[in-house]
Amino acid sequence: MAQVSMTVNGKAVSAEAEGRTLLSQFLRETLGLTGTHVGCDTGQCGACTVHVNGRMVKSCNMFAAEADGARITTIEGMAEADGSLGAIQAAFREHHGLQCGFCTPGMVMAAAALLADNPKPSEADIRAHLSGNLCRCTGYHNIVKAIMAASGQDVGAIAAE
Amino acid sequence: MYEFDIEKPSTIDEAVAALASDEAQALGGGQTLIPTLKQRLAAPGVLVSLGGIDALKGIRPEGDTLVIGAGTCHADVAADGTIPALSALAAGIGDPAVRNRGTIGGSLANNDPSACYPAGVLGLGATVVTNQREIGAGDFFTGLFETALEDGEIITAVKLPRPEAAAYVKFEQPASRFALVGVFVSRTGTEVRVAVTGASEDGVFRWTEAEAALSANFAPDALDGMSPDGDMISDIHGSAEYRAHLVAVLTKRAVAAC
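If you read the sequences in order, they're chains A and B.
Here our numbering is used: the first residue of the first sequence is 1, the next is one more, and so on.
Here our numbering is used: the first residue of the second sequence is 162, the next is one more, and so on.
Just so you know, the hints here were simulated from the structure itself, not pulled from any lab data.
Partial pick of chain B residues on the chain A-facing surface, computed with a CB cut under 10 Å:
| id | residue |
| --- | --- |
| 1 | 162 |
| 2 | 168 |
| 3 | 188 |
| 4 | 196 |
| 5 | 207 |
| 6 | 208 |
| 7 | 260 |
| 8 | 262 |
Listed next, with one range per pair, are the computed distances between beta-carbon atoms:
| id | chain 1 | residue 1 | chain 2 | residue 2 | range |
| --- | --- | --- | --- | --- | --- |
| 9 | B | 224 | A | 101 | 45 to 55 Å |
| 10 | A | 100 | B | 197 | 29 to 39 Å |
| 11 | A | 12 | B | 171 | 17 to 27 Å |
| 12 | B | 242 | A | 53 | 16 to 26 Å |
| 13 | A | 82 | B | 242 | 38 to 48 Å |
| 14 | B | 305 | A | 34 | 33 to 43 Å |
| 15 | A | 128 | B | 226 | 29 to 39 Å |
| 16 | B | 395 | A | 54 | 36 to 46 Å |
| 17 | B | 323 | A | 120 | 28 to 38 Å |
Even glycine gets a Cβ: it sits at the ideal position worked out from N, Cα and C.
Excised from the complex, chain A in its bound form:
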């Protein structure tokens, strides 16, 4: 066991972790931040996507020890200061960008990373960016719409399917 310290959603945290403790486990089991979902646990589905030093990564494919000293943002850090939904979250609700909701935390984190780099993405940009985030309800269409809307763009241009 070794001490691991990081800043999660603006708050300094420190706890013991085994070498093999994944960042996803550390967030969920040690810190109790269960908004980060673990879908496949093989680095494919993207449900566990968080930001590490501002970049989206799959937290099941990184050890907690590797995040020592890093700045982490999880879905719990995406709401506004008053607890209301952030712009991307609100757009997901408005456009029904979720069905069962399991992939949604990863989708929101992926969307936030995209919009930070590319504030006005095209539909093709969004779909390419989500290539590592799987929605097994296959609800991609409304997810794309929600991200378009969150970027302040007209969603009417997106084809019906």
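Based on the hints, put chain B in the right spot on chain A.
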């Protein structure tokens, strides 16, 4: 996963010292190694994370050569653009989250027969720099998941000559997005290199017959009727014949894109 300790050296010397133990295994970005550990296909006693070594990171020009630190992630190579074909190759690996963790050094050291970077490095005639020596790409890749690296040897950088023209075209295996076949073509003067990944039982290789034909006439139709010799991979994703056919088609497309 079996239990192991993680060490986080901050210098190359510390990493080399940590890797001296028989039980130690280097950890790059972990995008292949961590899933492998989860499947218990590897059981190191100590993982030596190279992610905290600043000397392994960054991209810088050195004359006509681009030097990429081994710990540089795919997303950073994709954003660089100095060698557009290489940046395009990096931008096509995995997905955005994987590209933020996976590193060029990790990909080369692993030498997956379907990985993209080996084709780019061999196709550009690059040099792999380690903590001990410099290894030409042609000597570096020695077989499936096999390289010239010795125990405890760490890739520190890759030196890539800038070509006059280059392109990488891959045909993705749709589930994994690894290359079912990928072809990297570069041309500098009349020197042409064609490097193929995903296709051969021996891992990445240079298709020298195509290089000779393209040196005489750098055009897609110079390859009419040609297909590579050697043992192609045959699996549920594609037969050996299919892969050999793809090699020729993708090489023509890469030449056309140069």
